[in-house]
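Each chain, written out:
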Amino acid sequence: MTDPILSIRNLTVDLPRGADRPHAVEALTLQVQPREIVCIVGESGSGKSITAFTTMGLLPKALTPSSGEVLFEGRDLLTLPAAEHAKLRGRRMAMIFQEPMSALNPCYTVGDQIEEMFEQHTTLSKAERRARTLHLLDEVQLPDPPRIYESYPHQLSGGQRQRIVIAMALALDPALLIADEPTTALDLSTQAQILHLLKDLREKHSAGILFVTHDFDVVAEIADRVVVMKQGRIVEQGPAEEVLTRPRHPYTRLLIDAVPRRSRAVGQDLSRSPEILRVAGLDKTYHIRGTMFRPARTVHACRDIEFGVRRGETLGIVGESGSGKSTLVKCLIRLEDPDNGAVWVEGTNIAGYSRRALHPYRKDIQIVFQDPYGSLNPRRTIGDQLAEGPTNFGEPRAKVMARARELMRIVRLEPEALNRYPNQFSGGQRQRICIARALMVEPKVLIADEAVSALDVSVQKEVLKLLNEIRDRMGLTVLFITHDLRVAAQVCDRLIVMQKGEIVERGTVDEVFGTPKHAYTQKLLAAQPGQAWEVPDIASLPPARLDAMGGLI
Amino acid sequence: MTHTPPVPPVREVQPSPRQMMLRRALRHRGLLFGGAVMLVILLIAIFAPLLSQHSPYAQSLMARMKPPVFLGGEATHWLGTDALGRDYWSRLAHGARVSLMIGLFAATISALIGSTLGILAGYFGGRVDMAVTFLINVRLAMPVVLVALAVVALFGGSLTVVVTVLGLLLWDRFAVVLRAATMQVRKLEYVAAAEVLGASLPRILWKDILPNVMNHLIVIFTLEMAHAIILEAALSFLGLGVQPPTPSWGLMISEGKEMLLFEPWLITIPGVALFLLVLSINMLGDGIRDVTAPEGRN
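Listed in order, the protein sequences are those of chains L and X.
Residue numbering for the first sequence follows the numbering used here, starting at 1 and increasing by one per position.
Residue numbering for the second sequence follows the numbering used here, starting at 554 and increasing by one per position.
Bound conformation, chain L alone:
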């Protein structure tokens, strides 16, 4: 075996006093070989990003590595002076960040920003720098490099920006590339391209890649080796194939078991149940007025949307960003007024109602939003927020509080939680509170707008289970908006695929995913990472054996 590029031995990083655990990372040992992609997987708070930041020397000041060593090309990065470390960054090791929107400086053209790498670390002439930059842009498969070179970040899409970040990282042929969730903020098809690009580059540049992610499909797509972390400790590591299909540690098994399957268990027959929501010919166009510097634009966010949902059914609405899903949702809950068309809720068309006329029908359609941190008012108690809806519809306080307590039990939180504030709850708990809040007014239709996208996989599983339970128990109709095809396949009865404001395909999950007819659906399905990976049936694996410390035997 060749020498590893990066070898982390027994690394421990301390957390400041008063944190929920003493170490962010504890006794961590891992290696990255040349031409190898090592994936660190774990849920939020597992210490995977801290590991990446320690290696790059970008740790926040409050965190200090207390023991161990990080050997990179024979030198211990932990004892290296800051200035020496800075010289390595960009030249020998480079980083790709999660958020391509904020990783680039909006004041400079992307060409200038890539060239800065050469300016900092080499003595190339202006012309050579430009030539190298154009070559890089070509290498990360950006169309028309001279035009991109002159562009500012805001003129490029998210995927293009992420390519620029990758080009910057590759500029000086680093031996080690650290990627911290580089595709999490991207659409499915863009993600597929970026992953493909990274795999390509590993071959061409012989760099080792340390890839931090939470997504097992991505791991299955690109990893050579997998490191699973939990609360700052490595619980399992090994070749990707081994860890993904025959996980040994209970925690790895729990995570893999929580990955939604690509098929739904059994759909019940709903053809007889009455149609509760029908949308017909719904249009929404945004006119963006031109200014002196910008021509006027018209965006068709929704065009002739038509669908119906039956009582007890879960309808999935799938599409990438910009497909018009969010606008459709806003029109349904009337945060936006549709230009044309009808929204029938049990025979009443609410699309044209004024604010006042709409009021009694508001409670029929409720929504759970994506961001568990932004959707609860931090300055009001949970109980107060739960009571908000029924109070607005004139129900007596005592009755309302009784229902709030009952709903807290249904979403598996203690009724005393009603007296607390949102900051005392985790993301998953907050999402359950949001579900309870929506259910307080006894809606007929519940819209889950990317409601589980921001959650860790094991928490996501819990929330999905809860949603399913509530739907069956209360006969609720659910509109499930998501970009995650796995989740859609698992929970939905029927699917709608949207692209550029139009419905391009519809049908049952099996029809849409099994025999997609529209080119866009086919493209979307092909872009899913990790398709070769069949999620193993955890129950069929031999039982895990652990020693007293929780390590594998």
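Keep in mind the hints are simulated off the structure, nothing from the lab.
Just to be clear, a hint being listed does not mean it is correct.
Label pairs and their calculated CB-CB ranges [said to hold, decoys possible]: (1) X:Ser753 <-> L:Leu58: 41 to 49 Å; (2) L:Arg289 <-> X:Ser753: 26 to 34 Å; (3) X:Met736 <-> L:Glu502: 28 to 36 Å; (4) X:Leu699 <-> L:Tyr108: 38 to 46 Å.
List time: in silico EDC-like cross-link candidates among lysine to aspartate or glutamate, alpha-carbon distance up to 20 Å [unchecked claim]: (5) L:Lys444 <-> L:Glu275; (6) X:Lys760 <-> L:Asp384; (7) X:Lys740 <-> L:Glu450; (8) L:Lys199 <-> L:Asp224; (9) L:Lys444 <-> X:Glu748; (10) L:Lys204 <-> L:Asp138; (11) L:Lys363 <-> L:Asp384; (12) L:Lys330 <-> X:Glu748; (13) L:Lys517 <-> L:Glu502; (14) X:Lys740 <-> L:Asp337; (15) X:Lys740 <-> L:Glu336; (16) L:Lys444 <-> L:Asp364; (17) L:Lys517 <-> L:Glu320; (18) L:Lys126 <-> L:Glu150; (19) X:Lys760 <-> L:Glu395; (20) X:Lys740 <-> L:Asp371; (21) L:Lys465 <-> L:Glu406; (22) L:Lys399 <-> L:Glu416; (23) L:Lys523 <-> L:Asp484; (24) L:Lys500 <-> L:Asp283; (25) L:Lys363 <-> X:Glu748.
Beyond 12 Å from chain X on every Cβ pair, some chain L residues (computed) [unchecked claim]: (26) Pro4; (27) Thr79; (28) Glu241; (29) His483.
Bear in mind that the values here come from a model prediction, so they are computed numbers and not experimental data.
Where is the CB? At the ideal position from N, CA and C, for every residue including glycine.
Position chain X against the provided structure of chain L, taking the given hints into account.
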């Protein structure tokens, strides 16, 4: 076999936001210092008649320009007397009432005008925002001191006139800051959720917007309070603020200015008092900002 993690009970005793705020407050030195000085001045203002043996108006030609104790004066007038023989400590203590009252009332009027405009502009955007922004620009185009001078000259100087004029002139910062803060809060999903749950507009503004921009409001309030106190002192110094013989710190400085070279303590004493009051208000404001929004600290 399924691996269902047990739902963790919400047992961990995590402090409520209010408790956490209190904890941060008790550790914040600036806040504690500012609060303590402010409290002392407040108590002096409230109990002014009890704390001074002399009336702030009683003149005594026999005892003019007595120096304070630390400059060799007598204990009967421990801060000395002014050019008309009035007890300086008594005037200072009663003057604190005027300064605090002007600060509080002017800032309250400003806060009402400015935050209403700012919140409405931030919430509705569009035309409302354009109108409010126009008003803010108009207001910013007016030089405060000049306008205040002109109005006071027209209507005559009295406490009410000064408070009203300052209140009507100092709302710009409230409007600008609350407009921006509201625009941020308005985008958050809990506001959308409240709307979907059928909350009326005033209810959303009162329950969901206002509490979440309150920290900005409090900080600006302290800043403008200090601003109003200084402006009143300036107006009084120019002879157009509170009229004599009402004791006001600005007026005391103004009356002492002829004696600047001979009896400098006539100016230093009210000057130091003014400095301490404004400093404590500003430190209190900074502290409140740090304590209520620790993420905004730099």
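- Query: Which of the numbered hints above does this structure break?
  - Reply: none
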